[in-house]
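Q: Using the sequences provided together with the hints, build the complete structure.
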Amino acid sequence: DAKTTQPPSMDCAEGRAANLPCNHSTISGNEYVYWYRQIHSQGPQYIIHGLKNNETNEMASLIITEDRKSSTLILPHATLRDTAVYYCIVRPGGATNKLIFGTGTLLAVQP
Amino acid sequence: GAVVSQHPSRVICKSGTSVKIECRSLDFQATTMFWYRQFPKQSLMLMATSNEGSKATYEQGVEKDKFLINHASLTLSTLTVTSAHPEDSSFYICSARDGARGDETQYFGPGTRLLVL
Chain A
1 DAKTTQPPSM DCAEGRAANL PCNHSTISGN EYVYWYRQIH SQGPQYIIHG
51 LKNNETNEMA SLIITEDRKS STLILPHATL RDTAVYYCIV RPGGATNKLI
101 FGTGTLLAVQ P
Chain B
1 GAVVSQHPSR VICKSGTSVK IECRSLDFQA TTMFWYRQFP KQSLMLMATS
51 NEGSKATYEQ GVEKDKFLIN HASLTLSTLT VTSAHPEDSS FYICSARDGA
101 RGDETQYFGP GTRLLVL
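These protein sequence lines map, in sequence, to chains A and B. Residues in the first sequence are numbered consecutively from 1, following the working numbering. Residues in the second sequence are numbered consecutively from 1, following the working numbering.
Certain hints may be false.
As the list claims (entries may be wrong) - Partial list, derived from the structure: chain B residues whose beta carbon lies under 10 Å from chain A:
#1 Tyr36
#2 Ser89
#3 Ile93
#4 Gln106
#5 Gly111
Rather than coming from a laboratory, the hints here were simulated on the basis of the structure. Where is the CB? At the ideal position from N, CA and C, for every residue including glycine.
A: Take a look at the structure:
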């Protein structure tokens with residue numbers, strides 16, 4: 001599986017956009033980029049995923065560079081409840097392919 | 001949709017006893033479920049992949065005789081920690097994939113915190 005690199009921590013002011021970067025320079029053509037987050041003492045929550053195109057849902061937007069070597073997760077209006085560890089994971093397509101979690105980015109939303 | 005539950009949410013047991021943790025997909029059928037373990041201040045570590053009706057596939061270093069996994073139905077997988085010891089104290093989390101929708105996304109349960117005294 002391709003490895004990802006994320007900053008260990010970031011701060012963001014409440015109400016502002018949070019932009020979380022992820023490098024995955026060794027990603028293969030059939031590997032998806034997934035984002036999950038884990039609020040303290042809870043199970044991870046699925047946010048969004050994409051292959052090549054940018055994606056948007058009710059939670060966030062995912063911007064993938066044209067060469068697919070990096071991506072950015074955007075939370076458009078961060079709230080205190082968005083404080084969590086955010087994990088960027090690349091995973092091949094296929095039903096039983098595993099999610100391998102790295103260390104993620106601890107996003108602290110400040111009031 | 002895509003809700004996964006776990007029971008119990010937390011359990012305390014004596015050393016040497018066995019503990020069973022249930023993982024259920026509430027509104028979908030899960031042909032594949034995964035079990036993870038997370039120690040304090042660390043990331044999630046995949047323990048095993050569970051396919052309905054077949055034996056689980058364990059990750060390297062995970063003792064299959066200690067962590068028994070059963071996936072007898074499309075909505076239930078169980079993890080039994082046998083002869084638990086204090087070093088087995090951890091946060092155990094399951095995930096499930098909604099096979100019917102053709103969605104490869106994994107949805108996670110809320111986790112079970114195990115404390116072995």
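Q: Please name the hints from earlier in the document that this structure breaks, with their numbers sorted from lowest to highest.
A: Checked against the structure, the only hint that fails is number 2, while the rest are satisfied.
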